[in-house]
Amino acid sequence: DTAVSQTPKYLVTQMGNDKSIKCEQNLGHDTMYWYKQDSKKFLKIMFSYNNKELIINETVPNRFSPKSPDKAHLNLHINSLELGDSAVYFCASSQDPTGGYGYTFGSGTRLTVV
Amino acid sequence: GQNIDQPTEMTATEGAIVQINCTYQTSGFNGLFWYQQHAGEAPTFLSYNVLDGLEEKGRFSSFLSRSKGYSYLLLKELQMKDSASYLCAVRRGSTLGRLYFGRGTQLTVWP
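Chains as they are written, first to last, in our numbering: chain A, 1 to 114; chain B, 1001 to 1111.
Isolated chain A, as found in the complex:
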């Protein structure tokens, strides 16, 4: 069983389109995150949700809108895609908002905007 699963694994789309990435965790964790890894492999936090509520928004453009229908799911919707949005997006989860027991990452979604 995959602990944190993301779909799709690859996404190629044109500038200006709107796309969504889905994430689900079956670990029973309370907190979920979205991270972005750029071409230089720099992994940067975007959002954090705890029990469906947004608790961290790291100055991400409002074209990015996370949605958490329940604590096991955290989806990422991106409007009006730009070339600079090309990156690998990782979903992660932790047992609680402190992250004290470590973070489990999904396998990533490679987004390419052309």
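Think of the hints as simulated: they come from the structure by calculation, not from any bench.
Be a bit skeptical, because a hint or two may be false.
[To be verified] A partial selection of chain B residues facing chain A, derived with a Cβ cut-off under 10 Å:
id: 1; residue: Phe1033
id: 2; residue: Gln1037
id: 3; residue: Glu1077
id: 4; residue: Leu1087
id: 5; residue: Arg1098
id: 6; residue: Arg1103
Note that the structure is predicted; figures quoted are calculated from it, not measured.
All residues carry an ideal CB built from backbone N, CA and C; glycine is no exception.
Please build the complex by placing chain B on the supplied structure of chain A, with the hints as guidance.
Only chain B this time, still in chain A's reference frame:
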């Protein structure tokens, strides 16, 4: 803000020992993590230090000095499969665990 520095690349041979250093400057420090990331895969948890000292876990050990803003990951008895990127990450905050990553150290293990 926070500055997390680690070498970009390192190489070593099978069976050797390698030490990957990480220095950081941050406010609200609440722990340091090391992750391993193979190309095209998710980062996987290796170790966690919140107090000064050495944490040993099989072939991998991690050290932390909070006063110096310094950590290292020690890998012993290197194997080819240890070729990967090693990410140092600092957690800030006691109530909300924001995890901030360095740019990673790409380790190549040669036969």
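Of all the hints given earlier, name the ones this structure violates by number, lowest first. Going through the list in order, the structure violates hint 3 alone and respects the others.
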